[in-house]
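Peer 1: Below are the chains, spelled out letter by letter.
2 protein chains.
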Amino acid sequence: MSERHEPDAARELADVEAVFHALAHRSRRHVLLVLHFRGGELTAGQIARRFSCSWPTTSRHLKVLVESGLVTSERRGRERVYRLDRERLAVVTRWTDWFDVAPLKA
Amino acid sequence: MSERHEPDAARELADVEAVFHALAHRSRRHVLLVLHFRGGELTAGQIARRFSCSWPTTSRHLKVLVESGLVTSERRGRERVYRLDRERLAVVTRWTDWFDVAPLKA
DNA sequence: GATTCGTTTAGCATCTTGGCTAAATGAGCT
DNA sequence: AGCTCATTTAGCCAAGATGCTAAACGAATC
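First to last, the sequence lines map onto chains A and B.
If you read the first sequence in my numbering, its first letter stands for residue 69, the second for the next number, and so on.
If you read the second sequence in my numbering, its first letter stands for residue 69, the second for the next number, and so on.
Be aware that a few hints might be false.
Note that identical chains are pooled: a pair holds if it fits in a single copy or bridges any two copies.
[Said to hold, decoys possible] With a cut-off of at most 20 Å between alpha-carbon atoms, the simulated DMTMM-like pairs for lysine to aspartate or glutamate come out as follows: (1) Lys173 <-> Glu80; (2) Lys131 <-> Asp168; (3) Lys173 <-> Glu85; (4) Lys173 <-> Asp83; (5) Lys131 <-> Glu147; (6) Lys131 <-> Glu74; (7) Lys173 <-> Glu74; (8) Lys173 <-> Glu109; (9) Lys173 <-> Asp153.
Quick caveat, the hints were computed from the structure, so don't treat them as lab data.
Start from the sequences, fold in the hints, and give me the full structure.
Peer 2: Structure, rendered in structure tokens:
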């Protein structure tokens, strides 16, 4: 029965990888906070304007965030809207929760 | 009054930086889990033996973990013991908790 | 004091990341 | 169709991360 869950475990591992990778950079963490406090969605331009680095650089950070699933994007007219997926942060909390379960006694 | 807390905020920022940087690598996350499930402390050798990469490589990962504060180390005889500091993981949860507070209405 | 054991440091090669500018794309407007 | 606006892709370079092997170090042991 537990075998039935192994694919999920593999996916969780990949998710952890992608999410922690995305969170590794200060600007990307910052983008997430900005998105959150501005109501959860903003256009690429609204985001880029808040950052000191160049637009293409921010654009690439956004791409990493999308790949991690922390953010989704949708074309709207000629703009592109980025939306925070707060649910996805559960990948982080599920990982940290391992440390609340009892360790094996060596 | 809030000014009195700014240094703390700066330190928290640096902590977040160091901790998320440490967590960005799969092996380092793995080390933390091994430490936890083996009772919270292990010698460098016990850790290195569980990993496929070379000893010096693992040693460097341990250094990054120590710098982040997630792990502390202590010399014991001719071994070196690494201990998990679970408290330090609160840096992560404090960061994710930002997303549970109300966003500003755009 | 020489040796051995456990571990880290040095030094090197390779890959990835993060930044830039310039060019391309895609959607709406005239 | 041609133009403009919003954004991304391409291409480049500098800096940093990760892996290795070989050498160094420090503490115990002979």
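Peer 1: Which of the listed hints are broken here?
Peer 2: Hints 1, 2, 3, 4, 6 and 7 contradicted; others consistent.
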